[in-house]
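Once you've looked at the hints, go ahead and assemble the two chains, each given alone in its own frame, into the complex.
Taken in sequence, the protein lines are chains A and B. Position 57 (the first sequence) corresponds to 57 in the numbering used here; numbering is contiguous. Position 24 (the second sequence) corresponds to 1024 in the numbering used here; numbering is contiguous.
In short, the hints are calculated from the structure, not lab data. Keep in mind that the hints are not guaranteed to be accurate.
With a straight-line Cα cutoff of 25 Å, these simulated DSS-like cross-link-like pairs (lysine-lysine) come out [said to hold, decoys possible]:
#1 A:Lys22 x B:Lys1042
#2 A:Lys44 x A:Lys9
#3 B:Lys1042 x A:Lys40
#4 A:Lys67 x B:Lys1042
#5 B:Lys1002 x A:Lys36
#6 A:Lys36 x B:Lys1042
#7 B:Lys1070 x A:Lys19
#8 B:Lys1056 x B:Lys1067
#9 B:Lys1056 x B:Lys1070
#10 B:Lys1002 x A:Lys52
#11 A:Lys67 x B:Lys1101
#12 A:Lys36 x B:Lys1056
#13 A:Lys67 x B:Lys1067
#14 B:Lys1070 x A:Lys44
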Amino acid sequence: DTAVSQTPKYLVTQMGNDKSIKCEQNLGHDTMYWYKQDSKKFLKIMFSYNNKELIINETVPNRFSPKSPDKAHLNLHINSLELGDSAVYFCASSHLRGADTDTQYFGPGTRLTVL
Amino acid sequence: QKEVEQDPGPLSVPEGAIVSLNCTYSNSAFQYFMWYRQYSRKGPELLMYTYSSGNKEDGRFTAQVDKSSKYISLFIRDSQPSDSATYLCAMGTMLTGTASKLTFGTGTRLQVTL
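So here's chain B without its partners, still in its complex pose (with noise of 0.2 Å):
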């Protein structure tokens, strides 16, 4: 079983709508929960990331985490054509004072259709 599960799509939606993006994940040792979008042929781009249980809101995004459940999600209101990428969640856990470790999901690939 892989540590972090996340639906590969793609996912299609129309413009305006909203998204619901998940990952479920079986490691209790992670800290902290990131969620990433990658552009066809770019690097990944940090959106969000909480370390703790409940809502985080930025924007049109926003991360909830319920650590209980291993399970974190990401909405994205008004959805707009420019949101069509990949989504990564990222798991993280601090090794040093300084370094620490992501383990990603695969990936969603999100299109939003005008």
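Next comes chain A alone, as it looks inside the complex (with noise of 0.2 Å):
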């Protein structure tokens, strides 16, 4: 019965491959995001989908493209790795609790390594 689920757990890849992550919540919300989270452990938004609308696009190269096929998925394409792109990726999904405040759940993490 898992929340927030993602696939696969480790990638590693050679430097300008093409690959995807995808993410899956079976907890009904609407609202989706992806995160990076670098070797610091510093963690910054990426994406944002609500009901399979894009909401946010933080600074993010073009290299990357979120698609939604419905609101329980939102997936993570990337175009021509870079070795920079090495990361853990982090999928969450949000609950709107009352009319000011949001409480997002996270996924597992997918390690990236790009070689």
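Structure (structure tokens):
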């Protein structure tokens, strides 16, 4: 009964390759997110989707393209991978608690290593 | 200057100690405040959230927010070795009726020793 799941857990690939990471949530949430956590553990928002509509697009290279086939899924496709893309990528989904508080729940992460 | 400042530690305390973790922030637009716990090689896990100044208690954990000073704290009473993890503060802003943006601190690594 995993709440937010990601596949794969580990991904090792060569520079220049294209790869995808998948995320699914079974919490019934409307909003999903992608975060990047670098080697210093700093967690930074990349994208947010609400009901398949893009809400947040931070300053992320356009080699990164999120895709939301339905509100329970948010995938991340990365083209032409670079060494600096090595990081842990977390998916999250959120549940609105009242008018001014939103609670985000995180997946287990995908550790991407680019060689 | 970063929007959210958090001492990375590591912070090492003996079992049973009271732990105090802190963050400061500069953006007055932040509306609510959260603490996440992250074990090694795991995703962040929500511990506490609050949207007003004051204290909120949940078991051994107390979250404190002082909006006038732009300062938040997490206190852990009777710390246990299982509390050893990285603690991330997060500041939230509602963007739409159903989406928010969280800005995280860099995390404080806590080690509770026997």
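For each hint, the structure was consulted:
1. A:Lys22 x B:Lys1042: holds, 17 Å
2. A:Lys44 x A:Lys9: holds, 19 Å
3. B:Lys1042 x A:Lys40: holds, 15 Å
4. A:Lys67 x B:Lys1042: holds, 24 Å
5. B:Lys1002 x A:Lys36: holds, 17 Å
6. A:Lys36 x B:Lys1042: Status holds; Cα separation ~14 Å.
7. B:Lys1070 x A:Lys19: Outside the cut-off at roughly 41 Å; violated.
8. B:Lys1056 x B:Lys1067: The given pair, whose Cα atoms are some 14 Å apart, holds under the 25 Å limit.
9. B:Lys1056 x B:Lys1070: With a Cα-Cα distance of about 17 Å, the restraint between B:Lys1056 and B:Lys1070 holds, given a limit of 25 Å.
10. B:Lys1002 x A:Lys52: Roughly 31 Å between the alpha carbons, so the hint for B:Lys1002 and A:Lys52 is violated.
11. A:Lys67 x B:Lys1101: OK: A:Lys67 and B:Lys1101 at ~19 Å, within 25 Å.
12. A:Lys36 x B:Lys1056: violated, 29 Å
13. A:Lys67 x B:Lys1067: violated, 37 Å
14. B:Lys1070 x A:Lys44: At roughly 21 Å apart (the allowed maximum being 25 Å), A:Lys44 and B:Lys1070 satisfy the hint.
The structure fails to meet hints 7, 10, 12, 13 from the earlier list, while all remaining hints are met.
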